[in-house]
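Protein chains: 2
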Amino acid sequence: MPSFELGKDPALTDGLYSLLKRRGFFWPSYEIYGGIAGFYDLGPMGSLLRENIEKVWKDIFIVSEDYLLVDCPSITPEIAFRSSGHLEKFSDQLTRCIDCHTPFRADHLLEGYVDAPDLFSPQELETALRENGIKCPSCGSELGPLEEFNLMFRTSIGPGGEKTAYLRPETAQSIFMDFSLLYRMNRERMPFGVAQIGKGFRNEISPRQGILRLREFHMAEGEFFFDPEVPDFPPFERFKDSNVRLIPNNDPSSTKEMTLGDAVERGLICSEVLAYHMGLTRSFACEIGIPIEHMRFRQHLASEMAHYARDCWDLEVELSSGWIEMVGIADRSAYDLNQHSTGSGEEMTAKRLLSEPVQRSVTRIEADLKVLGPIFRGNAGKIARELICMDASGIRSIKDKGEPVIVELPDGSVHKVPTEAVIISEVEEKVSIEKYTPHVVEPSFGIDRLMAAVIEHAYTEMEKSPLKGSDEEEMGPYRVLRFDPRISPIKCGVFPLMNRDGLPEIAKTLLSDLKKIGLITYYDHSGSIGRRYARMDEIGTPFSITIDYESKEDHAATIRSRDTAEQIRVPIIDVPSKVLELMDRYKKE
Amino acid sequence: MPSFELGKDPALTDGLYSLLKRRGFFWPSYEIYGGIAGFYDLGPMGSLLRENIEKVWKDIFIVSEDYLLVDCPSITPEIAFRSSGHLEKFSDQLTRCIDCHTPFRADHLLEGYVDAPDLFSPQELETALRENGIKCPSCGSELGPLEEFNLMFRTSIGPGGEKTAYLRPETAQSIFMDFSLLYRMNRERMPFGVAQIGKGFRNEISPRQGILRLREFHMAEGEFFFDPEVPDFPPFERFKDSNVRLIPNNDPSSTKEMTLGDAVERGLICSEVLAYHMGLTRSFACEIGIPIEHMRFRQHLASEMAHYARDCWDLEVELSSGWIEMVGIADRSAYDLNQHSTGSGEEMTAKRLLSEPVQRSVTRIEADLKVLGPIFRGNAGKIARELICMDASGIRSIKDKGEPVIVELPDGSVHKVPTEAVIISEVEEKVSIEKYTPHVVEPSFGIDRLMAAVIEHAYTEMEKSPLKGSDEEEMGPYRVLRFDPRISPIKCGVFPLMNRDGLPEIAKTLLSDLKKIGLITYYDHSGSIGRRYARMDEIGTPFSITIDYESKEDHAATIRSRDTAEQIRVPIIDVPSKVLELMDRYKKE
Chain A
1 MPSFELGKDP
11 ALTDGLYSLL
21 KRRGFFWPSY
31 EIYGGIAGFY
41 DLGPMGSLLR
51 ENIEKVWKDI
61 FIVSEDYLLV
71 DCPSITPEIA
81 FRSSGHLEKF
91 SDQLTRCIDC
101 HTPFRADHLL
111 EGYVDAPDLF
121 SPQELETALR
131 ENGIKCPSCG
141 SELGPLEEFN
151 LMFRTSIGPG
161 GEKTAYLRPE
171 TAQSIFMDFS
181 LLYRMNRERM
191 PFGVAQIGKG
201 FRNEISPRQG
211 ILRLREFHMA
221 EGEFFFDPEV
231 PDFPPFERFK
241 DSNVRLIPNN
251 DPSSTKEMTL
261 GDAVERGLIC
271 SEVLAYHMGL
281 TRSFACEIGI
291 PIEHMRFRQH
301 LASEMAHYAR
311 DCWDLEVELS
321 SGWIEMVGIA
331 DRSAYDLNQH
341 STGSGEEMTA
351 KRLLSEPVQR
361 SVTRIEADLK
371 VLGPIFRGNA
381 GKIARELICM
391 DASGIRSIKD
401 KGEPVIVELP
411 DGSVHKVPTE
421 AVIISEVEEK
431 VSIEKYTPHV
441 VEPSFGIDRL
451 MAAVIEHAYT
461 EMEKSPLKGS
471 DEEEMGPYRV
481 LRFDPRISPI
491 KCGVFPLMNR
501 DGLPEIAKTL
511 LSDLKKIGLI
521 TYYDHSGSIG
531 RRYARMDEIG
541 TPFSITIDYE
551 SKEDHAATIR
561 SRDTAEQIRV
571 PIIDVPSKVL
581 ELMDRYKKE
Chain B
1 MPSFELGKDP
11 ALTDGLYSLL
21 KRRGFFWPSY
31 EIYGGIAGFY
41 DLGPMGSLLR
51 ENIEKVWKDI
61 FIVSEDYLLV
71 DCPSITPEIA
81 FRSSGHLEKF
91 SDQLTRCIDC
101 HTPFRADHLL
111 EGYVDAPDLF
121 SPQELETALR
131 ENGIKCPSCG
141 SELGPLEEFN
151 LMFRTSIGPG
161 GEKTAYLRPE
171 TAQSIFMDFS
181 LLYRMNRERM
191 PFGVAQIGKG
201 FRNEISPRQG
211 ILRLREFHMA
221 EGEFFFDPEV
231 PDFPPFERFK
241 DSNVRLIPNN
251 DPSSTKEMTL
261 GDAVERGLIC
271 SEVLAYHMGL
281 TRSFACEIGI
291 PIEHMRFRQH
301 LASEMAHYAR
311 DCWDLEVELS
321 SGWIEMVGIA
331 DRSAYDLNQH
341 STGSGEEMTA
351 KRLLSEPVQR
361 SVTRIEADLK
371 VLGPIFRGNA
381 GKIARELICM
391 DASGIRSIKD
401 KGEPVIVELP
411 DGSVHKVPTE
421 AVIISEVEEK
431 VSIEKYTPHV
441 VEPSFGIDRL
451 MAAVIEHAYT
461 EMEKSPLKGS
471 DEEEMGPYRV
481 LRFDPRISPI
491 KCGVFPLMNR
501 DGLPEIAKTL
511 LSDLKKIGLI
521 TYYDHSGSIG
531 RRYARMDEIG
541 TPFSITIDYE
551 SKEDHAATIR
561 SRDTAEQIRV
571 PIIDVPSKVL
581 ELMDRYKKE
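Protein chains in written order, with my numbering: chain A, 1 to 589; chain B, 1 to 589.
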């Protein structure tokens with residue numbers, strides 16, 4: 001059996017592992033070929049669970065917070081990662097055995113010998129390996145020198161093999177590259193957020209933690225662009241008084257409880273925008289069912305901060321294997337936009353209104369309508385209007401080369417304007433707008449890990465089946481996944497008591513009515529009702545609906561709730577709306 | 001401006017292209033670095049449009065048809081594609097200029113010279129290139145010999161670079177590899193379907209059709225497993241009398257109109273299961289708004305059939321660039337399961353009940369409880385029960401080697417049973433169950449193409465703005481995307497007539513109520529109402545809601561419908577439910 005760690009408590013994870021695979025949550029990929037570490041398949045239950053978690057995320061970020069959703073390719077040309085710094089810096093330290101050539105992550109070899117080797121510099125790793133006399137764990141031979149191993153999967157585009165590309169290690173970069181387009185789409189309004197949900201890829205040297213560390217994983221990222229010179233962020237009012245548990249990096253050994261407002265005031269969290277996104281993250285985690293007492297925010301130490309981060313807080317959730325990072329909320333400052341702007345030569349700025357106009361020397365573009373008129377006729381006025389809004393320094397360099405200026409009109413038509421129609425002058429004037437490079441706060445969610453956390457906190461094991469007289473009793477512990485109904489993969493089970501006497505017909509009509517309102521419903525006509533309930537409890541289905549002989553007389557059905565085992569009798573015709581009401585009520589309780 | 005072909009009608013696509021990019025549907029990726037053919041970014045509107053199309057797909061396949069949804073990695077080890085045949089056969093013919101070394105797809109070079117060069121064999125391509133005297137289109141030099149170019153993106157897993165892997169060219173293979181697990185999860189019931197929605201990757205030699213041919217694309221695939229010896233498929237009743245337009249491969253020059261039932265009876269479509277999925281595909285395409293008169297099904301010629309296909313029909317949709325394949329519905333027979341079973345050594349079969357039991361020699365396993373008892377105590381009975389259900393031939397070979405038999409109990413615990421506790425005997429008995437390899441029908445949907453088709457068929461251009469007295473009139477043609485409201489990226493616009501006098505407060509309360517029921521809503525307080533309507537029409541928002549001065553008195557708002565421009569006055573409190581009702585009514589009209 002492949003190793004699987006949801007958490008390290010074997011009593012919890014052994015039984016849970018078997019349930020998760022057997023019932024179709026997830027399992028290691030490519031098992032028929034022996035499996036490959038770091039890849040997992042999400043089965044029928046896992047796929048729906050993931051979708052439901054992402055749905056809650058979208059309800060918060062896209063629907064409520066008005067983040068713009070984008071969806072960009074995973075395959076990314078090398079030049080983008082040269083700009084972003086990933087080509088140079090996104091790597092782990094590796095050492096190979098000089099005899100058997102097995103590769104190892106250097107910091108993994110030091111676990112148990114030193115504290116937090118994952119924060120060591122290459123020099124510190126080298127020293128610690130030597131001082132502790134670490135040998136190859138496979139064959140006992142000496143280890144070779146440290147190598148820098150880039151964690152991006154490499155491929156190439158096109159038949160020549162000439163265009164090197166990488167699979168994105170995060171979804172963020174495409175958002176930065178599209179910044180100017182997105183800013184225009186947002187009608188040049190600041191601040192605004194952009195979100196992306198999709199796969200990330202990291203070629204981990206030796207992934208060992210099951211679904212907690214994957215080589216191909218699901219992530220949801222938001223990039224919130226804002227003006228760094230505006231310190232106040234009015235929406236923060238909402239979370240100002242929220243109590244959180246913090247581990248600031250000036251005292252990493254103790255957990256402090258305080259409000260987000262206090263943490264900003266004391267300078268522990270660098271800005272209201274960052275703190276706001278910590279609040280948002282916490283309320284998302286609550287909504288998917290992670291108990292607040294098992295959450296904390298830990299600030300990255302300076303040494304573990306990513307190359308782009310000015311400040312970073314992780315939402316950690318307590319699992320049986322310890323506190324695990326689920327979400328990183330980083331202030332990336334203007335780093336990425338500056339890097340891509342330099343790398344591509346494209347300006348990536350926003351505009352801000354100055355509180356007081358200032359005197360400045362300004363390059364102004366004018367259009368000579370006497371030249372434009374005869375050439376462009378009806379379009380001349382529109383072209384002139386576009387022209388004077390264009391970037392003056394760009395136009396100047398085009399004009400200097402004597403090349404025509406390309407103007408695109410709002411109707412999509414493209415026009416070449418001869419250089420003599422473009423007049424450039426320097427004037428002193430009062431300016432009330434200036435350009436700046438926005439800063440970015442990025443909440444980055446590891447969806448697979450959150451799924452594992454949701455499962456572990458929903459999992460309950462009972463020694464005996466609560467179902468009296470059923471044949472379940474001999475099956476060992478009774479297992480329930482107490483998901484919030486919004487998160488549950490299957491919303492209802494529909495069961496005719498017997499598979500005859502007209503009961504299946506009644507049940508199937510109800511089934512079809514439930515499906516019509518979009519509820520994923522499981523139909524089951526075989527085995528004892530107790531066994532059918534048990535099956536639903538194991539996959540976390542909140543409502544089981546039974547059609548019995550009485551249903552033929554009273555046109556009603558029994559709805560059993562997973563968590564309370566309470567049963568209510570409801571007219572069949574009202575069952576769909578009753579289920580929606582019960583789902584809604586769960587949220588509020 | 002990068003070339004973009006939604007279709008070839010420039011009058012349609014020029015204006016449409018500019019709208020789609022400007023309004024955030026999609027645009028070529030990595031534009032700031034010059035772009036790379038075959039990659040597109042979906043912007044804020046495109047991402048939501050895609051999600052909504054996939055939502056309709058899931059409502060049909062997952063909710064109604066009970067397909068099991070899975071979600072597996074894109075990175076796939078080489079061995080899987082060795083089994084599936086992709087390593088050997090998933091390629092195009094390539095030729096390079098002997099001077100400038102530019103690579104070309106051989107069949108592309110022959111377009112305009114011969115008919116349907118994409119169906120030519122390598123020999124035929126070679127001959128046609130020679131006979132037509134084709135030279136390098138870039139420099140005029142001679143072309144080199146044909147090379148086979150595999151279309152899968154290659155990468156490697158782990159630090160050694162030793163484990164070659166590819167990005168999946170289709171999502172199907174992981175479903176086949178997981179067949180036995182999924183069959184057990186479905187409680188060994190046949191037939192059943194499995195679905196996957198995700199990215200596919202094909203390293204096209206020279207992608208030239210914009211979003212119609214991408215190197216990284218969105219797909220939704222279903223794999224429907226069934227018993228090939230059961231000819232009837234009762235659910236087919238639903239589509240038996242559906243009229244469809246068919247181009248069968250025995251007469252590829254003419255379109256025939258007939259019912260799906262007739263087509264099966266005449267042997268044009270190979271099975272009811274395949275025809276059922278053609279019916280399902282057609283009703284999906286209707287639901288997302290593709291007009292039925294612009295759809296047809298074309299059967300693959302024997303020469304264009306994929307290496308795994310026994311029969312295949314494409315749903316083609318008419319765009320301004322001609323008839324374009326959107327969905328392929330293939331009968332893959334038992335090909336894939338057989339290939340992976342051979343490649344991995346794992347049995348991949350289902351069980352069928354024989355109508356009459358037959359006499360057969362059967363290998364039977366018995367457990368010696370006298371041996372098991374002392375070793376396993378309380379578990380001995382459970383282990384014995386598991387043991388006799390295991391695969392007899394596998395157990396025999398383990399026993400022959402003298403190795404212990406590994407038994408996993410339902411609670412996840414694993415036990416080593418010594419060989420002497422396992423008794424194997426050959427007996428003659430009546431058997432009423434036999435194993436078989438299921439066949440597969442696969443409907444495979446190209447989501448990006450469907451999105452392009454939906455957009456083109458929703459697009460309407462008017463010479464003049466229908467909005468009287470607005471400043472829109474000078475803006476050139478007036479454009480509307482008439483999406484079905486379920487598909488529309490944004491469902492409502494909310495507009496305070498003026499940004500003062502308490503109107504924004506009323507509008508924002510309504511905004512928040514609309515968001516609470518999950519409706520993506522756009523708030524806009526600036527510019528004339530006409531301009532705000534026009535913006536909503538361009539992105540296909542079905543309902544625009546205005547709060548005016550009267551709203552302060554009568555607590556009502558005006559809902560304007562995109563398609564009819566009809567305006568109704570509704571109490572503000574009823575607006576959310578009214579919008580839902582109007583969305584629902586649209587579907588039925």
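Bear in mind the hints are in silico, worked out from the structure with no lab data behind them.
Treat the hints loosely; a few may be bogus.
[Said to hold, decoys possible] Pairs of lysine-lysine residues, derived as DSSO-like cross-links and limited to a Cα-Cα distance of at most 27 Å, are as follows:
no.	chain 1	residue 1	chain 2	residue 2
1	B	LYS430	B	LYS55
2	A	LYS199	B	LYS55
3	B	LYS199	A	LYS58
4	A	LYS58	A	LYS199
Hint check results:
1. B/LYS430 to B/LYS55: 49 Å, violated
2. A/LYS199 to B/LYS55: Distance ~19 Å between A/LYS199 and B/LYS55 Cα, so the pair holds.
3. B/LYS199 to A/LYS58: 20 Å, holds
4. A/LYS58 to A/LYS199: Answer holds: A/LYS58 to A/LYS199 is near 16 Å, not above 27 Å.
Checked against the numbered hints above, the structure violates only hint 1.
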